[in-house]
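Chains as they are written, first to last, in this note's numbering: chain A, 78 to 436; chain B, 78 to 436.
Hint data in this document are derived by calculation from the structure and do not stem from the laboratory.
Be aware that a few hints might be false.
[Claimed, not checked] In the DSBU-like style, the derived pairs of lysine-lysine whose C-alpha atoms are separated by at most 35 Å in a straight line are:
id : chain 1 : residue 1 : chain 2 : residue 2
1  : A       : Lys421    : A       : Lys431
2  : B       : Lys390    : A       : Lys431
3  : B       : Lys390    : B       : Lys257
4  : A       : Lys390    : A       : Lys300
5  : A       : Lys257    : A       : Lys196
6  : A       : Lys431    : A       : Lys257
7  : A       : Lys390    : B       : Lys390
8  : A       : Lys421    : B       : Lys390
9  : B       : Lys421    : A       : Lys390
10 : A       : Lys390    : B       : Lys431
11 : B       : Lys252    : B       : Lys196
12 : B       : Lys257    : B       : Lys300
13 : B       : Lys390    : B       : Lys431
14 : B       : Lys252    : B       : Lys390
15 : B       : Lys421    : B       : Lys252
[As the list claims (entries may be wrong)] Pulled from the structure, derived: some chain B residues nowhere near chain A, Cβ distances all over 12 Å:
id : residue
16 : Ile110
17 : His178
18 : Ser250
19 : Glu256
20 : Ala310
[As the list claims (entries may be wrong)] Derived CB-CB ranges, DEER-like:
id : chain 1 : residue 1 : chain 2 : residue 2 : range
21 : B       : Gly111    : A       : Lys421    : 29 to 39 Å
22 : B       : Asp360    : A       : Gly389    : 25 to 35 Å
23 : A       : Gly389    : B       : Gly245    : 49 to 59 Å
24 : B       : Ala265    : A       : Ala268    : 55 to 65 Å
25 : B       : Gly111    : A       : Lys196    : 45 to 55 Å
26 : B       : Ala268    : A       : Lys421    : 43 to 53 Å
27 : B       : Asp360    : A       : Asn375    : 28 to 38 Å
28 : B       : Pro160    : A       : Asp407    : 36 to 46 Å
29 : A       : Gln429    : B       : Gly111    : 44 to 54 Å
30 : B       : Asp197    : A       : Gln426    : 34 to 44 Å
31 : A       : Ala227    : B       : Ala265    : 47 to 57 Å
32 : B       : Asp197    : A       : Asn375    : 13 to 23 Å
33 : B       : Glu161    : A       : Asp407    : 36 to 46 Å
34 : B       : Asp360    : A       : Asp407    : 26 to 36 Å
The C-beta atom is built at its ideal place from N, Cα and C for all residues, glycine as well.
Chain by chain, the residues:
Protein chains: 2
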Amino acid sequence: MFPLYALIMAGGSGTRLWPLSRQNRPKQMLRLIGERSMFQLAVDRLLPVLPPERIVVVTTADLLDGLAAQMPELPRCNFLLEPEGRGTAPVIGLGALYVRHLAEGEATVACLTADHFIKDAATFRRVLLAAAQVAERGQIVTLGIRPSFASIGFGYIERGAALAPEGGFEVHSVKAFREKPDADTAAAFVADGAHSWNSGMFIWTTARVESEFARQLPDTMAKLRAIAGAFGAPAFAATMAQTWPTVERQTIDYGIMEGAADVAVIPVDVGWSDVGSWASLLDILEPDEAGNVILSGNHLTVDTSGTLVSSGKLVATIGLRDMVIVDTEDALLVCPRARSQDVKRIVEQLQQQKRGQYL
Amino acid sequence: MFPLYALIMAGGSGTRLWPLSRQNRPKQMLRLIGERSMFQLAVDRLLPVLPPERIVVVTTADLLDGLAAQMPELPRCNFLLEPEGRGTAPVIGLGALYVRHLAEGEATVACLTADHFIKDAATFRRVLLAAAQVAERGQIVTLGIRPSFASIGFGYIERGAALAPEGGFEVHSVKAFREKPDADTAAAFVADGAHSWNSGMFIWTTARVESEFARQLPDTMAKLRAIAGAFGAPAFAATMAQTWPTVERQTIDYGIMEGAADVAVIPVDVGWSDVGSWASLLDILEPDEAGNVILSGNHLTVDTSGTLVSSGKLVATIGLRDMVIVDTEDALLVCPRARSQDVKRIVEQLQQQKRGQYL
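All chains, please: the whole structure from these sequences, using the hints.
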């Protein structure tokens, strides 16, 4: 059996949790759930089944020191740096080649994210090991999340025929990947019971990664091989800096998954959340007796419920229902929980006004 | 004719505009309306008719330096310090004696507040001069505000017979002072058209002040005379410190006005507000195009109106209606405009928890 590696994508710089998340302080670095950052939680949940040497992190130079400091257990050489964002496809392709380099042979790679929440880590680990068994047979295995509502923010996976179960989990062939749908389509997907959310977690062997990239993204694969040829050599940094920016920008869903045959999905129910908005964070966290979530700060409350507060100072609220109050050193957000998707409109305004210090 | 003096009571330490107003940074010191503090505005509006020498300020030792710095025009000896709060009656009684000391003879004293807003300062000045004319005849003259709603937060003045007009203003005898009413009574007061809000502004001669105090609060008057005997003398500070704390605590309304005969009221319409809550400040201030009032700070807004924002940092709001957001160095308040009276409940909680640093 091939050794199992985790490839954690930790280069993102999302602003959906603005003003707490910023370009240089992205979601994966934040302590949103207890005392550990999202990145720490992502690694923590793997350590019972994977030694640190088998956990590879792809990130950017800007974030390297912060992430490495949060996880001193990880060998420094397990951090692979992307000089600039080229989409998820090149990251996974190169990451898989890097895993093979570290493993000194074929391996199975679980491509995971650094900024998602998984409540039931024990079940997740069992799913991961089961998925690795399925992947050994050459399949691309994706983890499908049971939809809890008709989200238009996720892609969907349509299940096909049932395959042999593995480790107690159902396994299905994938009939189709669906891009983020409109509201009616999303409602139909949820109603038919045959669709899962695409969590963006894929488990496959390095051999399968290489063959899919060679078939579907041959130019990208050639460039990734050129970079991989310099792994561990003095010329690596220069080769990477020269070649990476020429790699075609592409996502793994569009570039590989939608065109791949022989893809399996394991429907899972592990309390997954992409923590893609303040509202989704409120959904995850356990409220206090008054029904509020106090991420940080002192909260003095009169007649307030369903409200999230993050601040370094005393926050007094009166008569609030289902609000989000996020106070940072230089910026304060106040919005109803139901409007937290519109944080992106604030971020867009800041971009248009070229107020980079707030981004 | 007696010289007219203003006696501005500036010792208050209200917390109704918490967290901006604090014990050591009370409302009168705040810049709530443009670039001038409430105290500066209170003095500014008098200067066209009164020289600085005729403006006397009663305050506390804690506030003296701040107020004097805001109004360097005022002679330092025009600041009279109360060692501790004993209610408005002793302040006005001693203030009137101090005015007579400064005037070196009888004077007319307009007792005014440092933390109220008056939109139409020109009319206010004309009223003041008219009131001084009426006061010369020995009457206590009070300024009655036309009620704009059935407030239960103010005392009311019931008008009696019409007296001779003065300076173009109606003058009425006062039939009765009414304490803060319940909601039904307040509604009846507003409906009958015979009641004004008691603004707490009184104009009377020093002789009338002295005779009323001697008649109604003789013990207080004896003590105030003992203090006044030391005005300008080296023994003043010691006499004040020794005697003032023994003066009976009393308000001018209850201690003097309710028991006084021969009181007149001039009904005025000068755009008066006690600025007693964030909601009342919202009522006064001119909103921007989106209908919001930005006291300070940068405001980035998506779909927000009727909202007051005070902060030193960038404040982003989404989907808010009629909210109050007040952000200070160590405390943040978020509440609907309609609940701003409940700020006192936050202050009470802080007092109970003995968290004096926030008060």
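We went through each hint and held it up to the structure:
Among the hinted pairs, Lys421/A with Lys431/A is consistent with the structure: their alpha-carbon atoms are about 15 Å apart, no more than 35 Å. Distance check on the hinted pair: Lys390/B and Lys431/A sit about 17 Å apart at the alpha-carbon level, within 35 Å; holds. Among the hinted pairs, Lys390/B with Lys257/B is inconsistent with the structure: their alpha-carbon atoms are about 39 Å apart, more than 35 Å. Restraint check: the Cα-Cα separation between Lys390/A and Lys300/A comes to about 50 Å, which exceeds 35 Å; the hinted pair is violated.
For the proposed pair Lys257/A and Lys196/A, the alpha carbon gap of about 24 Å is at most 35 Å, so the pair holds. Pair hint Lys431/A plus Lys257/A holds up; C-alpha atoms about 30 Å apart against a cutoff of 35 Å. The straight-line distance between the Cα atoms of Lys390/A and Lys390/B is roughly 14 Å, inside the 35 Å bound, and the hint therefore holds. Between Lys421/A and Lys390/B the alpha-carbon distance is near 19 Å, which keeps this suggested pair within the 35 Å criterion.
For the given pair, Lys421/B sits about 19 Å from Lys390/A by alpha-carbon distance, which is consistent with the 35 Å threshold. For the suggested pair Lys390/A and Lys431/B, the alpha carbons sit about 17 Å apart, so the restraint of at most 35 Å is met. Proposed proximity of Lys252/B and Lys196/B is supported: the alpha carbons are some 28 Å apart, at most 35 Å. Between the alpha carbons of Lys257/B and Lys300/B the distance comes to roughly 30 Å, so the proposed pair stays at or under 35 Å and holds.
The suggested pairing of Lys390/B with Lys431/B holds, with an alpha-carbon distance near 28 Å, which does not exceed 35 Å. Using a Cα cut-off of 35 Å, the hinted pair Lys252/B and Lys390/B is violated, with the two alpha carbons roughly 51 Å apart. Between the alpha carbons of Lys421/B and Lys252/B the distance comes to roughly 33 Å, so the proposed pair stays at or under 35 Å and holds. With a least beta-carbon separation of about 23 Å from chain A, Ile110/B lies farther than 12 Å from that chain, consistent with its non-interface assignment.
Every C-beta of chain A lies more than 12 Å from that of His178/B, the closest at about 45 Å, which supports listing it as non-interface. Against chain A, the non-interface label of Ser250/B holds: every CB pair exceeds 12 Å, the least being about 43 Å. With a least beta-carbon separation of about 27 Å from chain A, Glu256/B lies farther than 12 Å from that chain, consistent with its non-interface assignment. Every CB of chain A lies more than 12 Å from the CB of Ala310/B, the least distance being 46 Å, so the non-interface label holds.
In this structure the supplied range 29 to 39 Å holds for Gly111/B paired with Lys421/A, their Cβ-Cβ distance being about 35 Å. Evaluation of the 25 to 35 Å hint for Asp360/B and Gly389/A yields a pass: the beta carbon distance comes to about 32 Å. One distance hint, 49 to 59 Å for the beta-carbon pair Gly389/A and Gly245/B, holds here, with the actual separation near 56 Å. Remark: the range hint 55 to 65 Å for Ala265/B to Ala268/A is upheld by a beta-carbon distance near 60 Å.
A beta carbon spacing of about 52 Å between Gly111/B and Lys196/A agrees with the range 45 to 55 Å that was offered as a hint. Restraint check, Ala268/B to Lys421/A: a C-beta distance of roughly 51 Å satisfies the suggested window 43 to 53 Å. The hint said 28 to 38 Å for the Cβ distance between Asp360/B and Asn375/A, and at roughly 30 Å that hint holds. Against the hinted window of 36 to 46 Å, the Cβ-Cβ separation of Pro160/B and Asp407/A comes to about 42 Å, which satisfies the hint.
Checked against the hint of 44 to 54 Å, the pair Gln429/A and Gly111/B fails, with Cβ atoms roughly 30 Å apart. For the hinted restraint 34 to 44 Å between Asp197/B and Gln426/A, the CB-CB distance of approximately 39 Å keeps it satisfied. At roughly 55 Å, the beta carbons of Ala227/A and Ala265/B sit within the given window of 47 to 57 Å. Evaluation of the 13 to 23 Å hint for Asp197/B and Asn375/A yields a failure: the beta carbon distance comes to about 42 Å.
The given range of 36 to 46 Å is respected by Glu161/B and Asp407/A, whose C-beta atoms sit roughly 41 Å from each other. The hinted window of 26 to 36 Å between Asp360/B and Asp407/A holds, with their beta carbons roughly 31 Å apart.
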